[in-house]
Amino acid sequence: MKTKHKKSRNKSKLPKSKVLIRNYEETPQKYRSKMDPLDLEEHKHEFLHHGHVSKFQFKTDFENMQDTPCIKQGVIKCDLLAEASRILENVNEKFGCGDQYIEQTYGTRINAEEASSLLVKYLEDTGSEGMMTISWSKDLSCSGQMSWRGPCLRYNKPEARKYSMWIKNSEDNVYLREHGIHCLANHEIATHFYRSLNDGLQPWFSNRQRFGLSGLNSQTLAETEEGLASINTVLQAKNKYLFSQALTYYTACKATEMTFHELFDHLGQYLMDKELRWKYVMRVKRCLQDPGGVGGNGKDQCYFTGAVDILRNIDNTDFHLLYSGKISREEIPRIKRMARLDFIKLPAFLQNQETYRKQLRHMAILNGLIEHRPIKTSSKLVNRRKFDRLQQIKIPQPLSSCSQSVNELDINLNSSRETHCGSHCTPVEQMAACHVTKRNPKCVKKDGCSVKKKQPQTVESTSMSESDSHSIVRMIYVSRDEACNDDEKVTPTQAFCSWWSSRSPSPVAGSVATDDRVKPAASVSPVPYSPHRWLLRKRNRSSPNVLIKKNEATYARTQFTHNL
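Heads up, our numbering is the position in the sequence shown plus 37, with the first residue counted as 1.
Please note that the accuracy of each hint is not assured.
[Unchecked claim] Cross-link-like lysine to any residue pairs, in silico, SDA-like; alpha carbons within 25 Å at most: (1) 175 to 76; (2) 199 to 65; (3) 395 to 170; (4) 92 to 63; (5) 55 to 161; (6) 109 to 184; (7) 114 to 298; (8) 175 to 58; (9) 158 to 57; (10) 109 to 98; (11) 67 to 170; (12) 96 to 109; (13) 199 to 331; (14) 71 to 188; (15) 291 to 112; (16) 92 to 209; (17) 109 to 331; (18) 55 to 216; (19) 311 to 294.
[Claimed, not checked] Across the chosen pairs, the derived CB separations fall in these ranges: (20) 244 to 306: 46 to 52 Å; (21) 198 to 76: 26 to 32 Å; (22) 68 to 109: 19 to 25 Å; (23) 402 to 116: 17 to 23 Å; (24) 240 to 141: 30 to 36 Å; (25) 252 to 306: 38 to 44 Å; (26) 374 to 96: 39 to 45 Å; (27) 352 to 162: 28 to 34 Å; (28) 76 to 116: 34 to 40 Å; (29) 115 to 209: 37 to 43 Å; (30) 375 to 352: 35 to 41 Å.
Note that these hints are calculated values from the structure, not bench results.
All values derive from a computational prediction rather than experimental measurement.
By construction, the Cβ of each residue, glycine as well, lies at the ideal position given by its N, Cα and C atoms.
With the sequences and hints as input, model every part of the structure.
Structure below.
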């Protein structure tokens, strides 16, 4: 007898979020770096309330910590001190102080629950839900960080890595705000997480040295990594000043000549918030044997140094290749031919590289890192602008031989049809007759309509001023399929052709193409020789002397030109 299995019931009809959120009072030791001090909140409270600076404790001994790459590479540099100072002064001049800049750029403060809901929505919109855990802690030394746990790199198992995004739940976190949490997501998720995820798809993941790439703890990689993340932090912010990065660089430079107390008071001209000022000074002085003395560590200068390096090399950087893995900007040519770009994950703001470069140029100009250069326009656009400019030039009045302007000629076409040609003339014949009567009047007869005969008059050439140097040449090419005998009536076309041939000094005789409808004895006056003969050849390849069309209507073409 068959047994029936019970169907599993869904405990919840609503879909659950795939993002796991955790809260910690203290950060676990396995997620702490060697440079993260212990009991950080106690040190801050002791300084702000009692003014005492005590030695910081770490999870390793102080002697062992001096051998870490971060300490060895933490030499303070002051090459970009002028650029950092200029950014700080510009922010003070525009916003009054750094606190107002933070308020206007990142919005009002929010709590951890509101920020978590915004982060979950960010992960769902980017298709990254279920790939990481969001963890909140109160004793982080930074605003946020991205970390992963998994097999060692030499095992080459990138799919086994588990990512965690750590965020500091404290008032000195400038990104714990309405718009700031989105900027922090662009820093940690859209930069650090995506580049680390894409790095697992590349052939150099398990052995970087084999491909000639720098180590993961190298200074050049740190500058590119943090510089790109700093740029993406303010990319979609309301104000795109690199204020936090410039202040970090400036603080490290001033630490070489100031103590903890002096540096804390000196930064008061840029920041009023004491907790935030203490955080900047602590990150520079934490690795000293005597934190209250002169000196510091320049590890955090890579944020500003890397951002300046990228913003000054926008056109020379392929950002899709830069997102292919954990590589520095100088290593892009090395991995260009072996990088796998088919399945890499890119943020939404980098789908179009040209738009991304345009935003970076605006950011670089705003921060005074590059000079403003006009955008190069194509030759087609320049020619189009010249053509539009010429169209705006008013056409001057013609010479004395042309008593009426071109506009008057066009307007009088309608009236000339009724007075000169009658209702039996074709429109093109009427136009030709109008032209003959205006320029060189002759006897034109069409169905009883006649005009007084006049002989061609020669017009004396007169000198023209520069303002009248613009001349108009009105060229009318007329042809007719049916040839007429001398005994038949003179059409406007024949009158015009005879008039033109009388003006030509040396007309060129040529055979006229015939048609079944044309009489053998018919003769048509050839078109005289003129500089515009090439137009006739281009129009009619069979006969260069006349324009012949196989329809029964008469064709006319008018062209206006003016010499500049």
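Hint check results:
no. : hint                   : in the structure
1   : 175 to 76              : holds, 10 Å
2   : 199 to 65              : holds, 16 Å
3   : 395 to 170             : violated, 34 Å
4   : 92 to 63               : holds, 20 Å
5   : 55 to 161              : holds, 9 Å
6   : 109 to 184             : holds, 22 Å
7   : 114 to 298             : holds, 22 Å
8   : 175 to 58              : holds, 15 Å
9   : 158 to 57              : holds, 13 Å
10  : 109 to 98              : holds, 16 Å
11  : 67 to 170              : holds, 15 Å
12  : 96 to 109              : holds, 18 Å
13  : 199 to 331             : violated, 40 Å
14  : 71 to 188              : holds, 20 Å
15  : 291 to 112             : holds, 13 Å
16  : 92 to 209              : holds, 21 Å
17  : 109 to 331             : holds, 18 Å
18  : 55 to 216              : holds, 23 Å
19  : 311 to 294             : holds, 21 Å
20  : 244 to 306: 46 to 52 Å : holds, 50 Å
21  : 198 to 76: 26 to 32 Å  : holds, 30 Å
22  : 68 to 109: 19 to 25 Å  : holds, 23 Å
23  : 402 to 116: 17 to 23 Å : holds, 20 Å
24  : 240 to 141: 30 to 36 Å : violated, 46 Å
25  : 252 to 306: 38 to 44 Å : holds, 39 Å
26  : 374 to 96: 39 to 45 Å  : holds, 42 Å
27  : 352 to 162: 28 to 34 Å : holds, 30 Å
28  : 76 to 116: 34 to 40 Å  : holds, 35 Å
29  : 115 to 209: 37 to 43 Å : violated, 26 Å
30  : 375 to 352: 35 to 41 Å : violated, 23 Å
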